[in-house]
Amino acid sequence: MANDGLLNALASGIRQVVSQASSGYGANQLTLPGIGISSQFDGALSLNQTTLANAFQQNPEGATQLLADTGQKLSNLVTANTGPTSQLQFTTNSLEQVVQNIQNRKSVLQDYSAQTYFGLPTQYSLFTYMFSNSNAVGALSRYSQVSKL
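According to my numbering, the residues represented by the sequence shown are 1 to 149, in order.
Hints in this document: simulated from the structure, not taken from any laboratory. For clarity, every value in this text was computed on a predicted model and none was experimentally measured. Virtual Cβ for every residue (Gly too), placed ideally from N, Cα, C. Any given hint might turn out to be false.
[Claimed, not checked] What follows is a list of derived Cβ distance ranges for each label pair: (1) L95 with A11: 21 to 31 angstroms; (2) V98 with A11: 18 to 28 angstroms; (3) P33 with S75: 26 to 36 angstroms; (4) G119 with P84: 26 to 36 angstroms; (5) F41 with S107: 48 to 58 angstroms; (6) S19 with L109: 47 to 57 angstroms; (7) A44 with N101: 40 to 50 angstroms; (8) P33 with R105: 48 to 58 angstroms; (9) L7 with V98: 18 to 28 angstroms; (10) V78 with F118: 49 to 59 angstroms; (11) T116 with E96: 45 to 55 angstroms; (12) N8 with Q97: 45 to 55 angstroms; (13) Y25 with T91: 53 to 63 angstroms; (14) V78 with T51: 18 to 28 angstroms.
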């Protein structure tokens, strides 16, 4: 999955939202690391409960707003990447069509194989008919050329 573009874009977007999350301005500005939520090297989030509790004691509205804004941004990111107009949905629909086409072809080949195996007359396409009767068509065209003489 390391080469999956959608997963890479989603992971990058999550990292960006988490690293840029802030609320308030100046002395009242809060960031996730400032309230005890930090991102580890492997992408995991860690929580310092003491720092988080202190942030809620000192500025409960700001801490609440920061978490609400970050949650909304993450929700929007996930919806944009997995919703009905996303690349994921487009790719899913395309793959479903390919699978349906393969199933249709498989069914036609199974029918053709069964008819051939049991010696039943098969339904040829016009293309198959033309090639199977190419000698007759050639003879007919030679006859029509000779008959004009």
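Consistency of the hints with the structure:
1. L95 with A11: 21 to 31 angstroms: Since the Cβ atoms of L95 and A11 sit about 22 angstroms apart, the hinted range of 21 to 31 angstroms holds.
2. V98 with A11: 18 to 28 angstroms: Since V98 and A11 have Cβ atoms about 27 angstroms apart, the given range 18 to 28 angstroms holds.
3. P33 with S75: 26 to 36 angstroms: 21 angstroms, violated
4. G119 with P84: 26 to 36 angstroms: Since the Cβ atoms of G119 and P84 sit about 51 angstroms apart, the hinted range of 26 to 36 angstroms is violated.
5. F41 with S107: 48 to 58 angstroms: With a Cβ separation near 52 angstroms, F41 and S107 satisfy 48 to 58 angstroms, so the hint holds.
6. S19 with L109: 47 to 57 angstroms: Since S19 and L109 have Cβ atoms about 54 angstroms apart, the given range 47 to 57 angstroms holds.
7. A44 with N101: 40 to 50 angstroms: Hint holds: Cβ distance 42 angstroms, inside 40 to 50 angstroms.
8. P33 with R105: 48 to 58 angstroms: 56 angstroms, holds
9. L7 with V98: 18 to 28 angstroms: Holds: the Cβ-Cβ distance is about 21 angstroms, inside 18 to 28 angstroms.
10. V78 with F118: 49 to 59 angstroms: Holds - the Cβ-Cβ distance for V78 and F118, about 54 angstroms, lies within 49 to 59 angstroms.
11. T116 with E96: 45 to 55 angstroms: Roughly 31 angstroms apart at Cβ, these two residues miss the hinted range, so it is violated.
12. N8 with Q97: 45 to 55 angstroms: 25 angstroms Cβ-Cβ, so the 45 to 55 angstroms window is violated.
13. Y25 with T91: 53 to 63 angstroms: 41 angstroms, violated
14. V78 with T51: 18 to 28 angstroms: Since the Cβ atoms of V78 and T51 sit about 27 angstroms apart, the hinted range of 18 to 28 angstroms holds.
Violated hints, in rising order: 3, 4, 11, 12 and 13; the structure is consistent with all others.
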